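The listed protein sequences derive, respectively, from chains A and B.
If you count the first sequence from 1, position 309 lands on 309 in my numbering, and the numbers rise without skipping.
If you count the second sequence from 1, position 219 lands on 1219 in my numbering, and the numbers rise without skipping.
Please note that a few of the clues may not be correct.
Label-pair ranges, simulated between beta-carbon atoms [stated by the list, open to error]:
hint	chain 1	residue 1	chain 2	residue 2	range
1	A	Q25	B	K1172	47 to 57 Å
2	A	G667	B	D1191	21 to 31 Å
3	B	E1105	A	K97	45 to 55 Å
4	A	G77	B	Q1087	50 to 60 Å
5	A	E304	B	G1177	56 to 66 Å
6	B	G1193	A	W428	48 to 58 Å
7	B	K1360	A	G623	44 to 54 Å
8	B	N1027	A	E353	50 to 60 Å
9	B	K1163	A	G623	18 to 28 Å
10	A	G667	B	K1163	48 to 58 Å
11	B	K1076	A	Q350	34 to 44 Å
12	B	Q1235	A	Q114	52 to 62 Å
Covered stretches of chain A (chain B as the covering partner; in silico rule of three or more C-beta atoms under 8 Å from a C-beta of chain B) [said to hold, decoys possible]:
hint	segment
13	68-80
14	101-113
15	206-213
16	628-635
Calculated cross-link-like contacts (lysine to aspartate or glutamate; reagent style EDC-like; alpha-carbon spacing at most 20 Å) [stated by the list, open to error]:
hint	chain 1	residue 1	chain 2	residue 2
17	A	K54	B	D1081
18	A	K381	B	D1278
19	A	K441	A	E463
20	A	K8	A	E538
21	A	K577	A	E538
22	A	K211	B	E1279
23	B	K1172	A	E672
24	B	K1127	A	E631
25	A	K627	B	D1081
26	B	K1172	A	E631
27	B	K1036	A	E463
28	B	K1127	A	D106
29	A	K211	B	D1278
30	B	K1101	B	E1284
31	A	K226	B	E1284
32	B	K1163	A	E631
33	B	K1172	A	E670
34	B	K1172	A	D675
35	A	K54	B	E1082
36	B	K1164	A	E631
37	A	K381	B	E1279
38	A	K221	B	E1284
39	A	K678	B	D1278
40	A	K221	B	D1295
None of these hints come from the bench; they were simulated from the model.
What you are looking at is a predicted structure, and each value in this text was computed from that prediction instead of being measured.
Just so you know, even glycine gets a beta-carbon here, dropped at the ideal spot from N, CA and C.
Here is what each chain is made of, one letter per residue.
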Amino acid sequence: MIDKRLYKHPILSVEEKPLFKFYWQDQELVAREGETIASALFANGIRIFNYHHKDGAPQGIFCANGQCAQCLVLADGMPVKSCMELIRPGMKIQPVKGLPELPPIDPETSFSFQPIEELEVQVLIIGGGPAGLTAAIELGRLGVNCLLVDDKHRLGGKLVLQTHRFFGSIEAVYAGTRGIDIATKLENEVRQYPSVKIWLQSTALAVFSDKKVGILKEGEKYALVKPEIILVASGAREKSLAFPGNDLPGVYGAGAFQTLVNRDLVRPTEKLFIVGGGNVGLIAGYHALQAGIQVVGLVEVMPECGGYKVHKDKLARLGVPIMTSHTVLRANGKESVESITVARVDEKFQPIEGTEKTFACDTVLIAIGLDPVNEFYLKAKEFGLSAYAAGDAEEIAEASAAIFSGRIRGLEIARELGLYSGEIPSSWYETANILKSKPGKTYPEYFPEKESGVFPVIHCLQEIPCNPCSAVCPRNLIEVDKNDIRKLPVYYLEKNGKGCIGCERCVVVCPGLAITLVDYRKDPQFPEITIPFEFLKEIINPGDKVTVVDVEGNPLTEARVNSVKSIKGNDRTILIKVQVPKELAKKVGGIRLQPQIEPVETQYQGKMPDEAIICRCERVTAGEIRKLIREGIRDINEIKTITRAGMGPCGAKTCTPLIHRLFREEGVPESEIIDQLKRPLFIEVPLGVFAGLNSRPAEEEKENE
Amino acid sequence: MSSPEYEVIIIGAGSVGTPTAFFLALNGYRVLVIDKNPSPGQSSNKRAIGGLRATHSDPAKIKLGLRSLKIISSWKENYGDELEWHQGGYCFVAYREEEEKTLKEVIPLQKRQGLKIEWLEADELRKILPDLNPRNLRGGTFSPEDGHASPLLANEAFYRQAKKVGAEFRFKERVTGLMISGGQIKGVKTDRGSYHAPVVINAAGAWAAEVAKMAGMEIPVTPDSHEAAVTEPVQRFFEPMIVDLRPVKGSANYYFYQHATGQIIFCITPSPSRWGFDERETSEFLPMVSRRMIDLMPRLKNIRVRRTWRGLYPMTPDGFPIVGWSREVRGFLLAVGMCGQGFMLGPGVAELLTRLVSGKPGPDDQEILSYLSPYRSFVSEEILK
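Input sequences plus hints: build the corresponding full structure.
Written as structure tokens, this is what we have:
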């Protein structure tokens, strides 16, 4: 029996939950309580969920976020988005082939339509992620009457998917703490404030011109909220990429992947390939490794990864091939992804013939960047409703920046309401800017000359906003510029005649796993290196032979593991100790996890970019749209009229940036492009919900007059 | 004086202007269409839901509707463009005596005009619409030759074919004035230039009164707005457009059908009317329309609503369009006030305008024009709105 569930995870706790039976095409399978239908299917090795009604193309998961309808299945006869519905015992799931049948209902059924709940609040916060939560905390502290809505089952937004320790400022934004734990801290704090009402599983659907916001409350009821001020903290959505095979099941976004792995605790892939070397892609790769998934490669089209060097180095050290100046040519496979073909690019980002490489993989993650989810903000502004945006909905940046921008927006809103008369310190805005900043300069590695005693080697070479290392040293030997935490940490061999005691705290706390400890005390010729490791303890044991690598993953030597240590209170990072010759000691950055990965030889098919799917919902290709652009069409509304691109369930969320990209490729300036009208609803909602009926199918049906 | 560049200038590339450009150009006229939008059909056409019927209650609209149906239903065969035409018929349902009486009253006239339409008793109607709520159902009319198509695709097809036969279009250009001299129209001024023609057609939809004013004419066209929505697609489970005429608090009639794509498209008439140019979505629409639709067809409860929008109905006081020559300004032709039926009347009106411009009216044209005259009294009231 196939079982792709995670029962152990180095960081996440896996609760034991009851198992029960369900059916897929009449085959009896096992689900774990709390799984969505999609995760239950993935856990059983199923990843083709339906066949598109237009051309029969197999469809798999794409957003895992309820935004598209790629994962549509029939659940007990009802078409549902499998990523949003929880599986129930005995449920009969079928793939949708062609258009689904709308389940019949006795035409004599009479319904009791409930009145639609209407609610007035001072502030409506859309999104309970880092920005929404901190804004709610600021507002709650001041007793402002707020409603916070979030479409997920728990608060925290994408924080709940983040197993790594956070960067940023330890004072301002919980740096050094793991994302999942920050989510819990923020949730506990916001729940202390009685003036903040929280609706979970509640999706904002539309901002209307009468200044009411339609909300699908708790997944089943319609409510209209009339706020004085709206704060949009709805985060970001992932950009997509056009390449042949981009529509195959197994090609999806890094966010979807993190949801499946870190929230639903299933392993949706055995061999993963990542497109995009920003933080999202790099972190997703790390999460994959933590879940026991092989990461066969990562391509980044630019000469350098855009994400933090420490994230990139972590992956490289663990044995993930990182190919910069490379692009994806196509995903190959019949019914789902079987391999990916990549190639080196020239200065104009054009693939260089003869450099193609094909890697076997079953999943390709697209992690090429994010766009703000700002529809509600724009609509609110258009309709004259006082509106603010925070976090990624305002500007794409790290979660640490979102945590801080939420605080600022919270106080700004309180000021507008006249409930806070103080000034917002200008230093807050400076901090916000620092936290938002992209990685700065990278410096060559520098090692202290000393070869005795014990001391940390800091392999942190790129300016990024981060300072936890400076807060943990009991002798204050590590300093980061307090006014600009982007500056590299400085290590003092000693202060007041006192040096490092080898407490390991800096090694453990560094979010980039970029600090090792070198200890010459036992054997000056073969010093012992302490390496941080965030994987299951049982995969590595004393006596194991490991490949020791430098900070960027280049092999240095083979070594035997002296000890594997987990300390209570060190928050799941384990420490591995190895001994290496003293000339290598300071260079050691980590140990390799994955064996060497080689491309497989396949015949390269030639690039056919026009097969790439631009509108996934309506199956519109790049070729169809390119033809219209070449005819002179500049109005995306007209492209939509002709091709239906943008008319599908996702509401043009995926195709719009891709269409802009095609325009760019055709040399059309942005100023000539007319964007399509964006209209509600944010997601599709059953008609009955608007009529005041619960959306849950079963029970309430036949309640007669 | 040099000859004018164009023979006809049409203001508005919408449901009326675009097919008119096509038929005129097809008949050899040099035509220019001017529209303020960046591409055709971007004002009210794209907001139309797509119903096409000849089932009206007066000879003029019945005749124009029949022509439109003929043009749209044979378009693919004649020109090759897919318009998502589906001949599903129209069904006006009656749950009360009032509606039964109204509907039955107009059947003789409709039949005289050559419409295929029958009154079906409840059990017969349920054979066509098994999902219709049978409680208190009295019956309804069924006109099998009506149907529906995509307004967007139709307008785009008229546009492309019009260009093929020589019509010119200028988009993102706003008409700022009409050139009139000695009581004769000479052309059109826009924010980007001026264009000459001896005939100018006002097909400016909701903005028609503003354009007429440029010729010194006051015409009673005022936009009202209706909201509409479209659902996810599902397998076809009913054929006709369903119209429920019952007024209830907050709304008059509403109607819905299943499009060729499998999607349900629906629309409601707010009561009282919402006058003005506001096309922004309101929070009232979905709760209002959903109850009525689910009550009528419980099966619709689970269909998911995908998108919602609001569009303008250029209304006239009596509910009939205004089509005809201006008496004050020679060469100024009005084709306005379609009252939300521009899509279903547009192709028929386009042919009529072509005949008017060419001075070769057809046998029924005088009768049609008498109903639609700009100089009528506007006091009658339409039975089937």
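Hints versus structure:
At about 53 Å, the CB distance of Q25(A) to K1172(B) agrees with the hint of 47 to 57 Å. Checking the proposed 21 to 31 Å range against G667(A) and D1191(B) shows it holds: the Cβ atoms sit about 27 Å from each other. At about 47 Å, the CB distance of E1105(B) to K97(A) agrees with the hint of 45 to 55 Å. Taking the beta carbon of each, G77(A) and Q1087(B) are about 30 Å apart, not inside 50 to 60 Å as hinted.
At about 58 Å, the beta-carbon gap between E304(A) and G1177(B) stays in the expected band of 56 to 66 Å. For the hinted restraint 48 to 58 Å between G1193(B) and W428(A), the CB-CB distance of approximately 53 Å keeps it satisfied. Taking the beta carbon of each, K1360(B) and G623(A) are about 45 Å apart, inside 44 to 54 Å as hinted. Look at N1027(B) against E353(A): about 55 Å separates their beta carbons, and that is inside 50 to 60 Å.
For K1163(B) and G623(A), the hinted distance range of 18 to 28 Å is satisfied, since their beta carbons lie about 22 Å from each other. Separated by about 24 Å at the C-beta atoms, G667(A) and K1163(B) break the suggested range of 48 to 58 Å. For the pair K1076(B) and Q350(A), the supplied restraint of 34 to 44 Å holds, since their beta-carbon distance comes to about 42 Å. A C-beta distance of roughly 30 Å is found between Q1235(B) and Q114(A), which places it outside the suggested range of 52 to 62 Å.
Only when three residues or more bring their CB closer than 8 Å to a CB of chain B does the claim for the segment 68-80 of chain A stand; here the count is 3, and the claim holds. Check on the segment 101-113 of chain A: 12 of its residues sit with their Cβ under 8 Å from a Cβ of chain B, so the three-residue criterion for coverage holds. Here's how the segment 206-213 of chain A fares: 5 of its residues keep a CB closer than 8 Å to some CB of chain B, so the rule of at least three is met and the hint holds. Evaluation of the coverage hint for the segment 628-635 of chain A: fulfilled, as 3 residues show C-beta separations to chain B shorter than 8 Å, against a requirement of three.
Between K54(A) and D1081(B) the alpha-carbon distance is near 18 Å, which keeps this suggested pair within the 20 Å criterion. At most 20 Å may separate the alpha-carbon atoms for a hinted pair to count; K381(A) and D1278(B) meet this at roughly 16 Å. Pair hint K441(A) plus E463(A) holds up; C-alpha atoms about 6 Å apart against a cutoff of 20 Å. The straight-line distance between the Cα atoms of K8(A) and E538(A) is roughly 11 Å, inside the 20 Å bound, and the hint therefore holds.
Between the alpha carbons of K577(A) and E538(A) the distance comes to roughly 15 Å, so the proposed pair stays at or under 20 Å and holds. A threshold of 20 Å between alpha carbons decides the hint, and for K211(A) with E1279(B) the separation of about 14 Å falls inside it, so the pair holds. Taken as a hint, the K1172(B) and E672(A) pair is honoured in the structure, with Cα atoms around 12 Å apart against an allowance of 20 Å. The suggested pairing of K1127(B) with E631(A) is violated, with an alpha-carbon distance near 48 Å, which exceeds 20 Å.
A distance of roughly 17 Å separates the Cα atoms of K627(A) and D1081(B); the hinted pair therefore holds under the 20 Å criterion. This hinted pair checks out: K1172(B) and E631(A) have alpha carbons roughly 17 Å apart, not beyond 20 Å. As the CA atoms of K1036(B) and E463(A) are separated by approximately 51 Å, the hinted pair breaks the 20 Å bound. This hinted pair checks out: K1127(B) and D106(A) have alpha carbons roughly 15 Å apart, not beyond 20 Å.
Under the criterion of a C-alpha separation no larger than 20 Å, the hint pairing K211(A) with D1278(B) is consistent with the structure, at around 14 Å. With a CA separation close to 31 Å, the supplied pair K1101(B) and E1284(B) exceeds the 20 Å bound. Restraint check for K226(A) and E1284(B): satisfied, since their Cα atoms lie roughly 13 Å apart, inside the 20 Å limit. Our distance criterion of 20 Å between C-alpha atoms is met by K1163(B) and E631(A), whose separation comes to about 13 Å.
Under the criterion of a C-alpha separation no larger than 20 Å, the hint pairing K1172(B) with E670(A) is consistent with the structure, at around 17 Å. With a CA separation close to 14 Å, the supplied pair K1172(B) and D675(A) stays within the 20 Å bound. Distance hint between K54(A) and E1082(B) is fulfilled; the C-alpha atoms sit about 15 Å from each other, no more than 20 Å. At most 20 Å may separate the alpha-carbon atoms for a hinted pair to count; K1164(B) and E631(A) meet this at roughly 14 Å.
With a CA separation close to 16 Å, the supplied pair K381(A) and E1279(B) stays within the 20 Å bound. A C-alpha spacing of about 16 Å is found between K221(A) and E1284(B), which places the hinted pair at or below 20 Å, so the restraint holds. Between the alpha carbons of K678(A) and D1278(B) the distance comes to roughly 16 Å, so the proposed pair stays at or under 20 Å and holds. Distance check on the hinted pair: K221(A) and D1295(B) sit about 18 Å apart at the alpha-carbon level, within 20 Å; holds.
Going through the hint list in order, the structure does not satisfy hints 4, 10, 12, 24, 27 and 30.
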